Amino acid sequence: MQTPAPVEYAKATSIADAISRLEALGEDSRPVAGGYSLIPMMKLRLARPETVVDLNGIAELRGIRVEGNELVVGAMTTHADVLSSAILFEHYPIFREAEHVIADPIVRMRGTIGGSMCQADPASDLSAVGSALRGTAVIAGSAGTRTVPLREFHDGPYETVIQTGEILTELRYPIRPGAGSAYEKVERRAGDWGVCTSGVFVVVSGGVITECGIGMAAVNADHYCAPEAEALLTGKAPTEENLKAAADAAANEANPNADQRGPVDYKRHLASELTLRALRRAVAASQGA
Amino acid sequence: MTAVEEVPTSAAGNPIGFGRMVRKEDVRFVRGEGNYVDDVNLPGMLHGAILRSPFAHAKINSIDTSAALELPGVVAVVTGKDLEGLGLAWMPTLSYDTQAVLATDKVRFQGQEVAFVIAESRYIARDALELIDVDYDPLPVVADAKKALDPGAPIIRDDKEGKTDNIVYEKWEAGDEAVTDAAFAGADVVVTQEILYPRVHPSPMETCGSVAHMDPVTGKLILWTTTQAPHAHRTVYALVAGLPEHKIQVISPDVGGGFGNKVPIYPGYVLSIVGSIVAKRPVKWMEDRSENLMSTGFARDYHMTTSIASTKEGKILGVKVDVLADHGAFNGVAQPTNYPAGFFSIFSGSYDYPAAYCKVKAVYTNKAPGGVAYACSFRITEAVYAIERIVDCLAQELKMDPAELRLKNLLRPEQFPYKSPTGWEYDSGEYEKTMKVAMEMVGYDELRKEQAEKRAKGEYMGIGISFFTEGVGAGPRKHMDILGLGMADGCDLRVHPTGKAQVRLSVQTQGQGHETTFAQIVSHELGIPPEDIEVIHGDTDNTPFGLGTYGSRSTPVSGAAAALVARKVRDRARIVAAAALECAPDDLEWELGRWFVKGDPERGKTIQEIAMAAHGSLELPEGVEGHLDAQVVYNPPDLTYPYGCYICVVDVDPGTGQVKVRRFVAVDDCGTRINPMIVEGQVHGGLADGVGMALMELIAFDEDGNNLGGSFMDYLLPTSMECPDWELGETVTPSPHHPIGAKGVGESATVGSPAAVVNAVIDAIAPFGVRHADMPLTPANVWRAIQGNPIRTDMAVE
Ligand SMILES: Cc1cc2nc3c(=O)[nH]c(=O)nc-3n(C[C@H](O)[C@H](O)[C@H](O)COP(=O)(O)OP(=O)(O)OC[C@H]3O[C@@H](n4cnc5c(N)ncnc54)[C@H](O)[C@@H]3O)c2cc1C
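So the sequence lines, in the order shown, correspond to chains A and B. Following my numbering, the residues of the first sequence are numbered contiguously, the last one being 289. Following my numbering, the residues of the second sequence are numbered contiguously, the last one being 1798.
If you're looking for bench data, these hints aren't it; they were derived computationally from the structure. Quantities reported herein were computed from a predicted structural model and do not represent experimental measurements. Treat each hint with caution, since some may be false.
[What the hints assert, rightly or not] Simulated restraints on C-beta separations:
1) Ser84/A x Lys1359/B: 55 to 65 Å
2) Ser84/A x Glu1432/B: 47 to 57 Å
3) Pro1054/B x Thr13/A: 37 to 47 Å
4) Glu1798/B x Arg110/A: 34 to 44 Å
5) Ala190/A x Arg1031/B: 23 to 33 Å
The beta-carbon is built from N, C-alpha and C at its ideal position, and this holds for glycine as well.
The task is simple: from the sequences and hints, build the whole structure.
So this is what it looks like as structure tokens:
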């Protein structure tokens, strides 16, 4: 049995309560959501907060809704709820496709979208999805609420712009009528983190790609996205040749490390291969829409 | 004897004898009411935790335990120096090497035991580990077995007087080299392939641990421990620690999987004993998952340069294997003394050819010790993998269908008992029949057609065959022992007055279903319903001596003992029945559960009636003592030889390297099937193991000796998502020398299946010019193999 260092537990009752506790406790405290990243790290003593502030009792942090032309997902919404959400699926099947390959059903029952974003693991699938869709993070602190584009949300691996005393409350994604989206992932085994993943959306209109987004996880792309590849595609016809050129460009925006999941050449190859496969499917979906 | 004889059914609906029945032990397991070592809690019990080395090779300058000792709740901190004073800093391994209990001079692998904290709670013990200050001087590391013998390589075992190299043993050979060379010289075709069986880990669900209770009043040590061999462990503790053997009781309660991981004695067990002596209170030590993966018995790490010679028509003429074996920092393998490479020399496999030769060289490296584990039948896993892989390489070279090549060379029924070129005597088999059953089940010819059609469309499927022969049930005392303890098993049977029985076994189940299988064996012999037979095991005070459960030996050895002890009871029952029926024993005839008078079937006594009479006042013939209890020791005349044919079908995505196991057909011949459902369960588990090893399981090391498989995020076990619906078949060729014809099946699937999966993947990507890639065939490795550059898997991926 792996045993964490001594730790205190506090249960927050509201967003304001969570913020005031975290602010009072300072750097030695951490919010806990599903706990599927934080608690293993505590057991390995890689993380040793003195207090964990539990966000699970805050109902307002949970839920999925449409607001204006945005999809809004509460930070404490579980992977399982994202997976089964009809609203998200209607606009962006990429959510369901990504969730299908995140961890396993047990982890998905408790693990949250907010925890995934804040953990900012280089292989985080929802971070790739969020960057592809150019979503925004809503962050609350004692000074009020601020919004940060997800493409500016990360300060490097496992680091985000969230400050001590702040919590992530919501994620917002713009709705794009006619968009097609898809997610591709190679993992060594079901439930494993990706070796490389690619998630994309495209809007095809009048025979050209009017807008697109490409997100990648596990290959150290800056903010999990591939803006140069997107630029190559925008305004172009969705031909196989153009998709291939964009996929290759995306691979160049990846900076993978060799590890037991695979060597650099393989991961770079996957960045291209998976982006191409995702683009093909997203284009077909958008054209069919 | 056939697979499932028609047998009568008991009142509880169980077969009286052999047949399917729900496992007796499952009731407590499925309710979560098992009793494992970690469930043992004694009054006043303390908790131990081990400080482990972060370095693979480092000199220890000093260890400062003062801050740890000041932590409230810490009772004691033990270091190697303290143990030196007790003469316990080093312990013998099961292969006549030594292993540090706690490091004194230096650490030799990452995760090695350095200090032991004893505290009031598990949490305090763990907190105290962080307060121990060890001053290390890192030393150069040998992580790559191929560099262990380089000139100038650091000497790992400088604790051994005069040791100037990293050799465990220089050369162990089997077969005839000259005859084999001659066969190769005359061959049309010779194929050589370097084949690595990488390091894997048995990773049982329950990690290792123990609770030691040295009673200061009685001087008796009771040790609850995760062991597959309670009796052998007891004797070793007596020999090592000088404790009197009659005052040691080893209890192996429910064990959550062993797979060979729980055969060795680990420093943690010894430390819990030392702790309970020092603290005069019971001490529990339970390792966590990473400790289990990083420090306890691993498996394989065999670099096998394998060559095969044949005629151009595909008649195999000979096979040679040159092995470099990586044993880690201490030679901690557990196998019969005369077999330093286990039963690897059975590598000639299931084929008929006269010439085979292997030589094995074993080296020390800065890696965890172990080597024989993970359901390998003493390295037959490695042997089967080498021969089945090289046969496929030959098929590719000859452009011959691998099924056809195998059929051309399989041993024929009339050749049994068959003396193999390396000296094994296979007891029985109808190999071709078994292979044809498997080919029929899988629809081999149609699959080959489908494959051709797919290839034309640029889709890649593969079909892989593995035909394996195992030798299990070690073993005849004359040439098989572990640390001088012969491998015969005792068995006691008591039949109580009401006809209910208790059978006491020396072997210990870790999930194999002994409580059911052994009840069925006794039931088969005596006609007592299996629900009326209690199987008692895992407690040295209450069971006869024997060497334990590993190497698929429980049914071949203890199963035979159980049958024979029941027959002994049956013979005694005959005398009692004769007295009761007032006739001569010779006038009686046996039918299941009853002796009756020949020619007068109405006149008879059931075994239950006889049991009561045996304990009653019935007058018995002169010299007959009464009661129905009996005991035996079974010394097997030879090994039994289960075999089988496995066929795997995979689909490979060449763009990503991902492999999907589409189908898996496994036809096993393990002789008589006592409980076919349990046999199938064993095969299911082993096939999952095989898929795991072939595709994902791995403990690799980087050049600094860091263990890269030390958690379940890094050490991947297969899930149901990677396993197809297993398609099982059977043939039944009973062992001619086993009392009930059973051959053992605990490891067959683990031994036989990896080669089938790998052969299937290589078959799928053969059009890219691939002949071999080492396990595990991860997506990266498969993709790289397609690029002509497969990954070297024993070291860190670069
Ligand atoms: C076996 C396993 C496999 C996995 N596989 C994958 C996978 O394939 N792909 C994948 O993307 N993920 C995977 N995960 C991670 C999973 O998605 C986790 O659920 C997720 O990373 C963290 O979510 P959580 O709710 O559990 O967060 P927690 O562990 O509770 O928290 C994670 C971090 O975020 C912080 N945090 C949480 N919520 C907030 C908030 N609202 N505001 C500010 N900070 C917050 C915490 O303080 C902590 O630092 C896996 C996890 C496991 C255990």
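Structure-based check of each hint:
Here the CB-CB span from Ser84/A to Lys1359/B is close to 60 Å, well matched to the stated 55 to 65 Å. Taking the beta carbon of each, Ser84/A and Glu1432/B are about 53 Å apart, inside 47 to 57 Å as hinted. The given range of 37 to 47 Å is respected by Pro1054/B and Thr13/A, whose C-beta atoms sit roughly 42 Å from each other. Remark: the range hint 34 to 44 Å for Glu1798/B to Arg110/A is upheld by a beta-carbon distance near 37 Å.
Between Ala190/A and Arg1031/B the C-beta distance comes to about 28 Å, which sits within the given range of 23 to 33 Å.
This entry satisfies every hint, going by the numbered hints stated previously.
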